[in-house]
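Undergrad: Letter by letter, the chains look like this.
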Amino acid sequence: MRPVGDHGPSGPVQQQPTVRRNPVPSLLESLGRDHLDPGYAEAARRKANGGAAAPGPGSSRAWSVAAVAAALVVVGVLFGVSASSAEENAPRAEKTRSALLEDIDRAEQQESVLATSIADLAEQLRATQSALGVAGPLETVAALELAGQITPVTGPGLRIVLDEAPKDDENASTSGVILDRDIQLLVNDLWAAGAEGIAIGGVRVQPRSAIRQAGGSILVDNRPVFWPLTIEAVGDPSGMQVKLIGSAGYGRFSTFAQLYGIEFDVSAQETLNLPGGTGADLLFASAPPTS
Amino acid sequence: MYALLALAAGVAIGLFVHPTVPDWLGPYLPIAVVAALDAVFGGLRAKLDDIFDAKVFVISFVANVLVAAFIVFLGDQLGVGAQLSTAVVVVLGIRIFGNAAAIRRHIFKA
Numbered sequence: 001m002r003p004v005g006d007h008g009p010s011g012p013v014q015q016q017p018t019v020r021r022n023p024v025p026s027l028l029e030s031l032g033r034d035h036l037d038p039g040y041a042e043a044a045r046r047k048a049n050g051g052a053a054a055p056g057p058g059s060s061r062a063w064s065v066a067a068v069a070a071a072l073v074v075v076g077v078l079f080g081v082s083a084s085s086a087e088e089n090a091p092r093a094e095k096t097r098s099a100l101l102e103d104i105d106r107a108e109q110q111e112s113v114l115a116t117s118i119a120d121l122a123e124q125l126r127a128t129q130s131a132l133g134v135a136g137p138l139e140t141v142a143a144l145e146l147a148g149q150i151t152p153v154t155g156p157g158l159r160i161v162l163d164e165a166p167k168d169d170e171n172a173s174t175s176g177v178i179l180d181r182d183i184q185l186l187v188n189d190l191w192a193a194g195a196e197g198i199a200i201g202g203v204r205v206q207p208r209s210a211i212r213q214a215g216g217s218i219l220v221d222n223r224p225v226f227w228p229l230t231i232e233a234v235g236d237p238s239g240m241q242v243k244l245i246g247s248a249g250y251g252r253f254s255t256f257a258q259l260y261g262i263e264f265d266v267s268a269q270e271t272l273n274l275p276g277g278t279g280a281d282l283l284f285a286s287a288p289p290t291s
Numbered sequence: 001m002y003a004l005l006a007l008a009a010g011v012a013i014g015l016f017v018h019p020t021v022p023d024w025l026g027p028y029l030p031i032a033v034v035a036a037l038d039a040v041f042g043g044l045r046a047k048l049d050d051i052f053d054a055k056v057f058v059i060s061f062v063a064n065v066l067v068a069a070f071i072v073f074l075g076d077q078l079g080v081g082a083q084l085s086t087a088v089v090v091v092l093g094i095r096i097f098g099n100a101a102a103i104r105r106h107i108f109k110a
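Going down the list, the sequences are from chains A and B. Heads up: the first sequence runs through residues 1 to 291, numbered per the numbering used here. Heads up: the second sequence runs through residues 1 to 110, numbered per the numbering used here.
Just so you know, the hints here were simulated from the structure itself, not pulled from any lab data. There are no misleading hints in this set.
Heads up, simulated DSSO-like pairs for lysine-lysine below, C-alpha to C-alpha not over 27 Å straight-line:
#1 47(B) / 109(B)
#2 47(A) / 47(B)
#3 55(B) / 47(A)
Looking from chain B toward chain A, a few residues come up when the C-beta cut is under 10 Å (computed):
#4 2
#5 3
#6 6
#7 37
#8 49
#9 51
#10 53
#11 56
#12 90
#13 91
#14 95
#15 96
#16 99
#17 100
#18 101
Just so you know, even glycine gets a beta-carbon here, dropped at the ideal spot from N, CA and C.
Chain A extracted, bound-state conformation (with noise of 0.2 Å):
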């Protein structure tokens, strides 16, 4: 390779011979004209320049054979090798999923489990309670558990059906989205029609609950909730429903339902049997001593 600015043998007379500034072909010319190891060139160039091979072990055919032959196993051992080992590994990662995937889901089921029971044991505590006849603060406690939306309670109400655009359309995948400040805009009307009870996809929205967003999931008191959504409102359907169209959340989803194509369905319910709520967990807070 000449460089540049070198006028190379046929330019003006000079005196000292051409200077090769770069004698070494750059890397990646190299590499992409010397595939072969130059060693063997160097190896043919010596034998033909030295008629018989030199002198020692490698020059005699048994050897070579011993040798070439050993190292074209190891080649075969390594090639053998990486096959199982790749065999093996591509279902140990695929095993290691759904193993997780299985553990998650037992525990998903042994929460609710665990929740029915909870809601099960308040009851018989309360059936216990009421029949010692201690029945004064307990109403009142009953009451106050009510209000906060930890019994579960039945009733007439609306039923909203949401769910997510369908994906198969050419449009992104953002467009059809439901986030989850929709879901608590559309709660909050809700409550603001006077409904006494809300479970958002089965769980119970309470006072302190929130409904946030991770990832494309909608978390209702940090529990996963799953599209289709359905929000289950406990109250006066008629009265509810005409309060909830003139709302800020309705006519932001009946826009969505129409501009995007998600599903936006309200419909008033004879029954609506609500669960209850797990309570909130007091880490700091308690009762002041009474004197």
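Since the structure of chain A is provided, determine the placement of chain B on it from the hints.
TA: Here is chain B on its own, set in the frame of chain A:
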């Protein structure tokens, strides 16, 4: 001929003996495989060019595998292991392609 037999025997040993690969060797195995492939294709091409030399083949194979593994090891220690493995794979991959093309020209005259 004996080379093919040796290669097949090695593959058979590797597949059937099923040795467990120790964990520290894990990252170097693919690099070693690529380096071995490079040596094998280089040797085959040299054979077809009639300049095959056993000493060059064996030494280049061993040295390539060791150097490739060492580069990856060094990269792991420096925190650029992935990039250096990519570099090794690119360089060896280009050589494998070039040698395979030369072998193809030898065999098919095209």
